[in-house]
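**Q** Residues per chain are reported as follows:
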Amino acid sequence: MEKYAEDREFGPPDKKPHNEGICLFSDSKSCYGDDLESILNEITPKISGYEETIVADPHGEGLDLMRDDPVEAETTILKSSLWLVHHECIIEDGLKDDFRRAINATPPRTHVCILIDAPESEHEEIEEDLDEVTDSQNVFTVKSKPVLRNSIRQYLDMSANPKRGKEEVIEWNNNVCDLIDARS
Amino acid sequence: MGTFSSIRSIPFSEFLIFGRSETKIFAIVASETVFLGATFFVAKPPFLPIPFSDSAALLITGLLTVVLAAALYVLLSGLGYQTYSAKFHSPVHILKCWAAHLAFSTVVIYIGYLLLVYPYTGSIVLQPVDIGIGAVFSTGYAISIAGIIYGEDYFSDNPNTKPEDIDQFLTAAEDLKEKPEPEIVDEPGQLIQAGDSLLTGLQTSNLEGTGDLASDLQDWLETFKQRELQGQKKMVGDLPNSDAQFSVWEDRYNAFQDLEEELREMDNSASRRVVLSVRGK
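Listed in order, the protein sequences are those of chains G and Z. Under the working numbering, the first residue of the first sequence is numbered 1, with each subsequent residue one higher. Under the working numbering, the first residue of the second sequence is numbered 1, with each subsequent residue one higher.
Hints are supplied without guarantee of correctness; some may be wrong.
Stated by the list, open to error - If we take Cβ atoms under 10 Å as the criterion, some of the chain Z residues that face chain G in the derived model are:
no., residue
1, Gln226
2, Lys234
3, Phe246
4, Ser247
To be verified - Straight-line C-alpha distance at most 25 Å; calculated DSS-like pairs for lysine-lysine:
no., chain 1, residue 1, chain 2, residue 2
5, Z, Lys225, G, Lys166
6, G, Lys163, Z, Lys225
7, G, Lys96, G, Lys29
8, G, Lys29, G, Lys145
9, G, Lys16, Z, Lys179
10, Z, Lys162, Z, Lys96
11, G, Lys3, G, Lys163
12, G, Lys46, G, Lys143
13, G, Lys166, G, Lys46
14, G, Lys46, G, Lys15
15, Z, Lys225, G, Lys15
16, Z, Lys177, G, Lys16
17, G, Lys15, G, Lys163
18, G, Lys29, G, Lys46
19, G, Lys29, G, Lys143
20, G, Lys15, G, Lys166
21, G, Lys143, G, Lys96
22, G, Lys29, Z, Lys177
23, Z, Lys225, G, Lys3
24, Z, Lys162, Z, Lys177
25, G, Lys166, G, Lys3
26, G, Lys3, G, Lys16
27, Z, Lys225, G, Lys16
28, Z, Lys162, Z, Lys87
29, G, Lys163, G, Lys16
30, G, Lys46, G, Lys145
31, G, Lys16, G, Lys46
32, G, Lys46, Z, Lys225
33, Z, Lys179, Z, Lys225
34, G, Lys166, G, Lys16
35, Z, Lys162, Z, Lys225
36, G, Lys3, Z, Lys179
37, Z, Lys177, G, Lys3
In short, the hints are calculated from the structure, not lab data. In this text the structure is predicted, and so the values were computed from the model without any measurement. Glycine included, C-beta positions come from ideal geometry on N, C-alpha and C.
Please construct the entire structure, taking both the sequences and the accompanying hints into account.
**A** What follows is the structure, given as structure tokens:
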């Protein structure tokens with residue numbers, strides 16, 4: 001990951017689009033029963049300037065990295081600005097404190113989306129369990145596939161797309177580079 | 001597919017000029033006239049200037065033909081090595097080219113024999129010594145054709161950097177895969193530079209199959225250029241050892257493996273592959 005120049009342009013003919021990493025933390029690799037790749041395939045055609053100013057890539061090894069070494073994992077997962085975390089990863093894998101630390105370390109505009117995938121009757125209890133993790137302003141919860149799909153599309157189209165505001169994207173990218181440099 | 005049907009499926013000129021420009025055909029025809037004149041000496045005495053017995057002449061011409069035919073194979077193998085087509089690095093395919101060159105040159109030499117010797121002998125049937133000397137001339141003529149093609153490349157303004165590009169591409173990919181992220185300096189840049197150069201070579205090649213490989217390489221390179229280091233490493237095989245890997249990365253890595261296989265095939269000439277297989281490597 002390299003710092004972007006302040007005056008960097010994205011898009012054709014020669015410029016590299018912003019590479020948006022989407023990090024999934026899930027044992028099943030899926031989101032509400034759907035493969036993340038298929039969700040992205042549905043969404044990306046609707047994103048303005050996709051493949052020109054922005055491309056999105058899913059990375060599925062987030063949970064494995066956290067299980068191996070939560071501190072070391074941050075140097076990899078910080079590079080993704082959209083995290084999709086299945087609630088069980090936080091609650092049942094004993095990684096609650098590690099996730100809280102990792103989320104607190106993210107720069108502003110990194111979007112942490114916790115997927116609550118359980119019967120509606122259990123939602124309240126799960127949200128209570130997640131309480132300390134969701135302190136950060138970067139954290140959002142979703143409880144259904146349509147909401148998740150809409151959230152990802154909006155994020156990729158509006159928040160992470162240099163076409164809608166390249167200054168924010170450059171600032172986020174350079175913040176992450178500084179954070180990673182500081183750790184090495 | 002049989003030998004004849006495979007030969008028919010490829011333009012004959014590919015076998016003779018290895019996808020080089022058509023102007024070389026004219027150069028070959030021009031050189032042919034020189035050899036037509038030289039075939040004057042193919043006939044029996046009084047046109048054979050050196051007084052050998054028939055059996056000695058046959059032995060000498062036979063040995064010379066074998067040596068020249070082997071030299072022709074090595075020469076054609078070198079020409080095939082310069083191309084961007086994996087097929088032209090195959091010993092069997094070069095053997096087909098070798099046969100095509102010999103067939104073409106034998107026909108030319110025989111026509112020359114008929115034109116220049118028939119008026120004196122009144123026979124179209126070759127004598128044993130004529131066959132021996134004709135074989136030497138035919139292989140010599142075939143070597144001259146291959147030499148013309150070689151010479152055109154030698155004096156060309158565009159040096160063939162394919163071997164260096166393949167080496168740089170594969171080395172950069174290997175380093176990118178093996179090294180941890182903090183140790184990676186310019187491997188992605190080197191891979192892109194070599195890949196672009198190979199792509200230009202493939203796109204400008206007129207040989208069968210190079211268009212498909214160019215298209216595959218272009219697609220893969222376009223994606224590679226758009227990815228961050230984390231994704232670039234996955235594209236050359238640094239995939240997490242878990243079932244959390246998305247198939248999109250596996251597909252991209254599989255595409256790289258196919259490209260790598262084709263490039264490795266292009267990294268050895270046909271004659272070198274023959275030598276290696278003889279040595280059992």
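**Q** Run through the hints listed earlier and report the numbers of any the structure violates, in increasing order.
**A** none
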